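Enquirer: Each chain, letter by letter, is given below.
Number of protein chains: 2
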Amino acid sequence: MSDAVKYVLAEDRIPKAWYNIAADLPQPPPPVLHPGTGQPIGPDDLAPLFPMALIGQEVSTEREIEIPGPVRDVYRLWRPTPLYRARGLERALDTPAKIYYKYEGVSPAGSHKPNTSVAQAFYNKEEGSTRLTTETGAGQWGSALAFAGALFGLEVDVYMVRVSFEQKPYRKAIMETYGARCVASPSEETAAGRAILAKDPTSTGSLGIAISEAVEVAAQNDDTKYSLGSVLNHVLLHQTVVGLEAIEQMEMAGEYPDILVGCAGGGSNFSGLVFPFLGRKLRDGQDVRIIAAEPAACPTLTRGRYAYDFGDTGHLTPLVKMYTLGSQFVPSGIHAGGLRYHGMSPMVSHLKELGLIEARAYRQGECFAAGIRFAHAEGIVPAPEPTHAIKAVIDEALACKEEGVARTILFNLCGHGHFDMQAYTDYLAGTLVDEELAEDTLAGGFAGLPPVAAQ
Amino acid sequence: MSDAVKYVLAEDRIPKAWYNIAADLPQPPPPVLHPGTGQPIGPDDLAPLFPMALIGQEVSTEREIEIPGPVRDVYRLWRPTPLYRARGLERALDTPAKIYYKYEGVSPAGSHKPNTSVAQAFYNKEEGSTRLTTETGAGQWGSALAFAGALFGLEVDVYMVRVSFEQKPYRKAIMETYGARCVASPSEETAAGRAILAKDPTSTGSLGIAISEAVEVAAQNDDTKYSLGSVLNHVLLHQTVVGLEAIEQMEMAGEYPDILVGCAGGGSNFSGLVFPFLGRKLRDGQDVRIIAAEPAACPTLTRGRYAYDFGDTGHLTPLVKMYTLGSQFVPSGIHAGGLRYHGMSPMVSHLKELGLIEARAYRQGECFAAGIRFAHAEGIVPAPEPTHAIKAVIDEALACKEEGVARTILFNLCGHGHFDMQAYTDYLAGTLVDEELAEDTLAGGFAGLPPVAAQ
Numbered sequence: 018m019s020d021a022v023k024y025v026l027a028e029d030r031i032p033k034a035w036y037n038i039a040a041d042l043p044q045p046p047p048p049v050l051h052p053g054t055g056q057p058i059g060p061d062d063l064a065p066l067f068p069m070a071l072i073g074q075e076v077s078t079e080r081e082i083e084i085p086g087p088v089r090d091v092y093r094l095w096r097p098t099p100l101y102r103a104r105g106l107e108r109a110l111d112t113p114a115k116i117y118y119k120y121e122g123v124s125p126a127g128s129h130k131p132n133t134s135v136a137q138a139f140y141n142k143e144e145g146s147t148r149l150t151t152e153t154g155a156g157q158w159g160s161a162l163a164f165a166g167a168l169f170g171l172e173v174d175v176y177m178v179r180v181s182f183e184q185k186p187y188r189k190a191i192m193e194t195y196g197a198r199c200v201a202s203p204s205e206e207t208a209a210g211r212a213i214l215a216k217d218p219t220s221t222g223s224l225g226i227a228i229s230e231a232v233e234v235a236a237q238n239d240d241t242k243y244s245l246g247s248v249l250n251h252v253l254l255h256q257t258v259v260g261l262e263a264i265e266q267m268e269m270a271g272e273y274p275d276i277l278v279g280c281a282g283g284g285s286n287f288s289g290l291v292f293p294f295l296g297r298k299l300r301d302g303q304d305v306r307i308i309a310a311e312p313a314a315c316p317t318l319t320r321g322r323y324a325y326d327f328g329d330t331g332h333l334t335p336l337v338k339m340y341t342l343g344s345q346f347v348p349s350g351i352h353a354g355g356l357r358y359h360g361m362s363p364m365v366s367h368l369k370e371l372g373l374i375e376a377r378a379y380r381q382g383e384c385f386a387a388g389i390r391f392a393h394a395e396g397i398v399p400a401p402e403p404t405h406a407i408k409a410v411i412d413e414a415l416a417c418k419e420e421g422v423a424r425t426i427l428f429n430l431c432g433h434g435h436f437d438m439q440a441y442t443d444y445l446a447g448t449l450v451d452e453e454l455a456e457d458t459l460a461g462g463f464a465g466l467p468p469v470a471a472q
Numbered sequence: 018m019s020d021a022v023k024y025v026l027a028e029d030r031i032p033k034a035w036y037n038i039a040a041d042l043p044q045p046p047p048p049v050l051h052p053g054t055g056q057p058i059g060p061d062d063l064a065p066l067f068p069m070a071l072i073g074q075e076v077s078t079e080r081e082i083e084i085p086g087p088v089r090d091v092y093r094l095w096r097p098t099p100l101y102r103a104r105g106l107e108r109a110l111d112t113p114a115k116i117y118y119k120y121e122g123v124s125p126a127g128s129h130k131p132n133t134s135v136a137q138a139f140y141n142k143e144e145g146s147t148r149l150t151t152e153t154g155a156g157q158w159g160s161a162l163a164f165a166g167a168l169f170g171l172e173v174d175v176y177m178v179r180v181s182f183e184q185k186p187y188r189k190a191i192m193e194t195y196g197a198r199c200v201a202s203p204s205e206e207t208a209a210g211r212a213i214l215a216k217d218p219t220s221t222g223s224l225g226i227a228i229s230e231a232v233e234v235a236a237q238n239d240d241t242k243y244s245l246g247s248v249l250n251h252v253l254l255h256q257t258v259v260g261l262e263a264i265e266q267m268e269m270a271g272e273y274p275d276i277l278v279g280c281a282g283g284g285s286n287f288s289g290l291v292f293p294f295l296g297r298k299l300r301d302g303q304d305v306r307i308i309a310a311e312p313a314a315c316p317t318l319t320r321g322r323y324a325y326d327f328g329d330t331g332h333l334t335p336l337v338k339m340y341t342l343g344s345q346f347v348p349s350g351i352h353a354g355g356l357r358y359h360g361m362s363p364m365v366s367h368l369k370e371l372g373l374i375e376a377r378a379y380r381q382g383e384c385f386a387a388g389i390r391f392a393h394a395e396g397i398v399p400a401p402e403p404t405h406a407i408k409a410v411i412d413e414a415l416a417c418k419e420e421g422v423a424r425t426i427l428f429n430l431c432g433h434g435h436f437d438m439q440a441y442t443d444y445l446a447g448t449l450v451d452e453e454l455a456e457d458t459l460a461g462g463f464a465g466l467p468p469v470a471a472q
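Listed in order, the protein sequences are those of chains Y and D. Numbering of the first sequence is given in this note's numbering, commencing with residue 18 and proceeding in unit increments. Numbering of the second sequence is given in this note's numbering, commencing with residue 18 and proceeding in unit increments.
In short, the hints are calculated from the structure, not lab data. A hint or two may mislead.
[To be verified] In silico lysine to aspartate or glutamate, EDC-like type, Cα no more than 16 Å apart, as pairs:
(1) Y:Lys23 x Y:Glu107
(2) D:Lys23 x Y:Glu28
(3) D:Lys115 x D:Glu420
(4) Y:Lys33 x Y:Glu265
(5) D:Lys115 x D:Asp412
(6) Y:Lys23 x D:Asp90
(7) Y:Lys418 x Y:Asp111
(8) Y:Lys23 x D:Asp29
(9) D:Lys23 x Y:Glu107
(10) Y:Lys115 x Y:Asp457
(11) D:Lys418 x D:Glu107
(12) D:Lys23 x Y:Asp90
(13) D:Lys115 x D:Glu28
(14) Y:Lys23 x D:Glu28
(15) Y:Lys298 x Y:Asp41
(16) D:Lys23 x D:Glu265
(17) D:Lys33 x D:Glu81
(18) D:Lys23 x D:Asp90
Just so we're clear, the structure is a prediction, and the values are computed from it rather than from any experiment.
Please work from the sequences and hints to get the whole structure.
Expert: Below is the structure:
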């Protein structure tokens, strides 16, 4: 029986400003470099891809950035999102730990992604863009941008990683229902896509490839901008509504987390929950352990290298310093498509380098087992991505049991699994591929790192 | 741009009692008859199928029936659900009408169905059942009962109409993820299923057939009860939490609806929204027009006959007086699987007979068009069933425009469409079958009506 406790904020508690962690860092992250010159890039270099408002947010060091009224108007459709205490899971684990989770699956797209897609659509509309291009892995991001495009009257072209395009046809359908165009990547539509297909006509694609395609189209068309669903500072910034609300909700519960857990692919879900709490730690010393959970098949933070690298496979982006497996690394077709990026947000990478966060990698089989355990105890079927967080939470809760300590754990359940039932079908049928990532695959990825002097 | 206004109730406003419309009827509905004797049945006749608490609710005439604490504890996972004013849709239609909708898609199963599955699982657990059998059409109900079964520790066997089983494999997957067993119906597991398959090995199934299978298994096993997702009084009763919350939320908005719209298959979604408002009308004379929207391919209320009929195809149920197309009627495989029942709830049928509600039938193509219009304007992709309600709402809103009258319209968006994207894919690809129901098909169905003296 579920007796989850729910903490709900009134609508006027939707945050009025995003929280910018750049204001509180002990040292700034390394600069973004121009791949040709090796010199730090300026706003003008990014102007073909992004509206100026977002470029401003990308480099801002102001602590609070006001959320425009029309963005909050759309947030109101599903925000504030609920925060729960998972008493059913606590009982199932027989743990003294107190487990809380924020739930972003109530958004119309079913995940946390609209927190930034709505903001990006707004600023693009304001500055006259008529079309957005983007990439998507599992399809959560593409759905979210299609949703925002429909509401703000923007065309949306989504390059979807081919393996997910084939695994998740219904993700394509929802993008199209919102009026977006969805293309399997690599595609014949771009030079970047054609180059990949020339080398490997059966390429299953990757986020890095899909980014190249979307960036290429945006760079070549004046009315078209590029929209990214993770990695960049402004994207992480928009997601901080999650953590800002969670801080208030934990106060309602009379608690403060000892441990924060988020799954991490490009870093946006993780940052959204974590940054506001981490800001408190940096400003006021309020301690909290922070754990990023990633897939063993794409272990950026745990086995990647902290180096300057391209954000895409086709090398159209600037160079950013991040934990990376190399821009040519193509992860196996695991179901958590949202976690299949070769790199990690530079900001999250910087925090890891500063020792402010930990990271763990899990295999997808143990993650689905954790997800099913959660569904039975709490009644919500999680998307494959947050099952990684749930696995880490269960491990921590069992450690509490062993030690006889009642720690408070908070994680973000960043999406429901209603679009991902094929993955559960495969898991339940025992047909889930669950291979370990080989050392020579890793070495091959690292061999593709660009020779930047600063490495 | 969406600027929907959301009306949220505090958690303590989850209703403490269900509303029983039997208390306020000008005359009671005709009795349920034993098919052998033609005499009214008593509680003992139903005891093999249902726990006594639910049998008591089925025949109760008390106005309020208390919601048990553990049921409200589970409701808290997603209730109270939001009510919105659809200002984006109003603008898109350029109508003076004010359009409100209650949204039940935030439940963990994605529809209104858990409102009753949780209650049914609770009472069964209380009275010692260890297993529940049920039927499901689109899969919404099966998912909801699987969800409730997981939370209360009950086995759940779901007989799923074969056409939906094949159209919606991910519905099966979510039931299995919750630990339920899902069987395509007609199946070889039951005498009822085998009889159908002997006549037609390629039968696509129907709710009537699936009910026969589920009832048969429950009747033959002491520890097993049967659970129905619609039609029966106690099911409709449990759904009234929807309308009870909506009344409070409309008060928050300073409005009272002139028109209520719900889609109607078996009648549970429709009744959940409508009954509490209709009770006010019956008690206090507070007027409201009430419209049931049904599919033209299964037009029970608009083209059916008000007659005693079996609830199932295999004739294992008692006889109920209802609008029916005949228990042998098998509707075409339209995507709104939840609306493919040959009959209509006896209580809803009675209200239609009393002239308290209207009904309209729509073809699925125009309903999907309405659903997409709603998704673009409001950002939520509806399940196929409520697109019928949306079509009726749009028609009413356009009538307001033509007449220059600002009526207030309220409907229930009873589920999201995340499991139904194949239907949208078919619609967008122009491959949706959209045939009119032929007169001779209707006549064939009526020919199968049982010869009950009272007809």
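Enquirer: If a hint holds in the structure, say so; if it does not, say that too.
Expert: Going through the hints against the structure:
no. : hint                : result
1   : Y:Lys23 x Y:Glu107  : holds (15 Å)
2   : D:Lys23 x Y:Glu28   : holds (8 Å)
3   : D:Lys115 x D:Glu420 : holds (14 Å)
4   : Y:Lys33 x Y:Glu265  : holds (14 Å)
5   : D:Lys115 x D:Asp412 : holds (13 Å)
6   : Y:Lys23 x D:Asp90   : holds (10 Å)
7   : Y:Lys418 x Y:Asp111 : holds (7 Å)
8   : Y:Lys23 x D:Asp29   : holds (11 Å)
9   : D:Lys23 x Y:Glu107  : violated (33 Å)
10  : Y:Lys115 x Y:Asp457 : violated (41 Å)
11  : D:Lys418 x D:Glu107 : holds (10 Å)
12  : D:Lys23 x Y:Asp90   : holds (10 Å)
13  : D:Lys115 x D:Glu28  : violated (26 Å)
14  : Y:Lys23 x D:Glu28   : holds (8 Å)
15  : Y:Lys298 x Y:Asp41  : holds (10 Å)
16  : D:Lys23 x D:Glu265  : holds (13 Å)
17  : D:Lys33 x D:Glu81   : holds (9 Å)
18  : D:Lys23 x D:Asp90   : violated (24 Å)
When the structure is compared with the earlier hints, violations turn up for hints 9, 10, 13 and 18 and for no others.
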